[in-house]
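**Student:** Sequence:
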Amino acid sequence: MKSEIKKILALALVFALAGSLFAKTRKIHVAHTITNVPYDFLDEKGKADGFEIAVLRAVDELLPQYKFVFHGVSDEELLIGTESGKYQVGTKGAWFTEERAKKFIIPAQPLAASVIGIAFRAENKDQITDLESFARYSGKLIPISPQSAQYSVIQEYNEKHQDNQIKLVPSDVFDIADSYLWVLEGRYDAYFVLKLSFEKNVVNEKGPYHQFADKLAYVPYKGIPTWPLFNKKEAQLAADYDKAVQTLQENGTISELSQKYFGEDVFTFVTD
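Straight run, no breaks: the sequence shown in the working numbering ends on number 263.
Hints are computed from structural coordinates only; laboratory data are not their basis.
This structure is a prediction, so every number in the text was calculated from the model and none was measured.
For every residue, glycine included, the Cβ atom is placed at its ideal position computed from N, Cα and C.
Some hints could be false.
Derived CB-CB ranges, DEER-like [as the list claims (entries may be wrong)]: (1) Q146 / H62: 33 to 39 Å; (2) S162 / G198: 18 to 24 Å; (3) Q56 / K116: 49 to 55 Å; (4) K38 / F258: 24 to 30 Å.
Derived pair list, reagent style SDA-like, types lysine to any residue, alpha-carbon separation capped at 20 Å [unchecked claim]: (5) K223 / D66; (6) K18 / A235; (7) K151 / K213; (8) K197 / Y209; (9) K116 / S170; (10) K15 / R48; (11) K206 / D121; (12) K15 / I71; (13) K93 / S124; (14) K131 / E150; (15) K94 / L70; (16) K116 / A235; (17) K234 / D121; (18) K234 / F59; (19) K77 / E67; (20) K191 / L175; (21) K116 / W173; (22) K58 / A235; (23) K77 / R91; (24) K158 / S136; (25) K151 / A235; (26) K131 / N155; (27) K158 / V144; (28) K251 / K206; (29) K251 / T238; (30) K131 / A113; (31) K251 / I25; (32) K18 / K93; (33) K251 / Q240; (34) K224 / T16; (35) K213 / S124; (36) K206 / E176; (37) K191 / H201; (38) K213 / V261; (39) K94 / Q138; (40) K36 / V60.
Starting from the given sequences, assemble the full structure and let the hints guide the process.
**Tutor:** Written as structure tokens, this is what we have:
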């Protein structure tokens, strides 16, 4: 009888410990965009994929107290849902803005980076090799919407280069569909655009502007860090994320994943 009681107590202890361990694993709902290749998207089977997703999965493996669950949503749903607490984290290749910092916790460690630079006429490759030489050449950049993050990047450049300014003209629309054509026609001398966008639209054989690939050139300016957005109540989660990402940077995981999804380490373009 005593042995039976001991077995029952032992089983009860095992179940109690299992329940305790289970209770310590908190489910974290991560919202992500679904068409932002190669940052965050759904693969052909409808599964979350992309560089930021891969990094967050690696973060999850380092944090046994959490279990990340990914939800592909619209951009609007991501922002609203993360701010309200429906999702604890939202990731969309987001750049830092003061407005976002007021609504979300932006951690210390970035998740990825967007490489941005200028597309210009290939005939000017000898004169234009970077943003500074472009400013000296003419600085005549296609207008940028003041609401876009690109606008603030050029503002920052001009603040640091008072004697070598780029002509920053505000646009009343966010995207100018004919930007590449305007450059080729000579209306402007460069288009400030993401490297991935240039490769997709011009370099790629299926790109809508591939016919101009030999007439356009591109030079990167810098890498702009992108950040996951944490709900305002998730300070501990954000701190745990920071520690995990630092480990992934140090052990080379992030560099390897960047090579896989971008074909290069995008963080080499990030400068202070």
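**Student:** The structure should be examined with respect to each hint, and the outcome stated for every one.
**Tutor:** Hint check results:
{"no.": "1", "hint": "Q146 / H62: 33 to 39 Å", "result": "35 Å, holds"}
{"no.": "2", "hint": "S162 / G198: 18 to 24 Å", "result": "23 Å, holds"}
{"no.": "3", "hint": "Q56 / K116: 49 to 55 Å", "result": "53 Å, holds"}
{"no.": "4", "hint": "K38 / F258: 24 to 30 Å", "result": "26 Å, holds"}
{"no.": "5", "hint": "K223 / D66", "result": "18 Å, holds"}
{"no.": "6", "hint": "K18 / A235", "result": "17 Å, holds"}
{"no.": "7", "hint": "K151 / K213", "result": "14 Å, holds"}
{"no.": "8", "hint": "K197 / Y209", "result": "18 Å, holds"}
{"no.": "9", "hint": "K116 / S170", "result": "18 Å, holds"}
{"no.": "10", "hint": "K15 / R48", "result": "19 Å, holds"}
{"no.": "11", "hint": "K206 / D121", "result": "18 Å, holds"}
{"no.": "12", "hint": "K15 / I71", "result": "28 Å, violated"}
{"no.": "13", "hint": "K93 / S124", "result": "36 Å, violated"}
{"no.": "14", "hint": "K131 / E150", "result": "17 Å, holds"}
{"no.": "15", "hint": "K94 / L70", "result": "9 Å, holds"}
{"no.": "16", "hint": "K116 / A235", "result": "42 Å, violated"}
{"no.": "17", "hint": "K234 / D121", "result": "35 Å, violated"}
{"no.": "18", "hint": "K234 / F59", "result": "16 Å, holds"}
{"no.": "19", "hint": "K77 / E67", "result": "13 Å, holds"}
{"no.": "20", "hint": "K191 / L175", "result": "18 Å, holds"}
{"no.": "21", "hint": "K116 / W173", "result": "18 Å, holds"}
{"no.": "22", "hint": "K58 / A235", "result": "14 Å, holds"}
{"no.": "23", "hint": "K77 / R91", "result": "17 Å, holds"}
{"no.": "24", "hint": "K158 / S136", "result": "13 Å, holds"}
{"no.": "25", "hint": "K151 / A235", "result": "34 Å, violated"}
{"no.": "26", "hint": "K131 / N155", "result": "12 Å, holds"}
{"no.": "27", "hint": "K158 / V144", "result": "13 Å, holds"}
{"no.": "28", "hint": "K251 / K206", "result": "29 Å, violated"}
{"no.": "29", "hint": "K251 / T238", "result": "19 Å, holds"}
{"no.": "30", "hint": "K131 / A113", "result": "16 Å, holds"}
{"no.": "31", "hint": "K251 / I25", "result": "19 Å, holds"}
{"no.": "32", "hint": "K18 / K93", "result": "25 Å, violated"}
{"no.": "33", "hint": "K251 / Q240", "result": "15 Å, holds"}
{"no.": "34", "hint": "K224 / T16", "result": "18 Å, holds"}
{"no.": "35", "hint": "K213 / S124", "result": "15 Å, holds"}
{"no.": "36", "hint": "K206 / E176", "result": "11 Å, holds"}
{"no.": "37", "hint": "K191 / H201", "result": "9 Å, holds"}
{"no.": "38", "hint": "K213 / V261", "result": "6 Å, holds"}
{"no.": "39", "hint": "K94 / Q138", "result": "17 Å, holds"}
{"no.": "40", "hint": "K36 / V60", "result": "16 Å, holds"}
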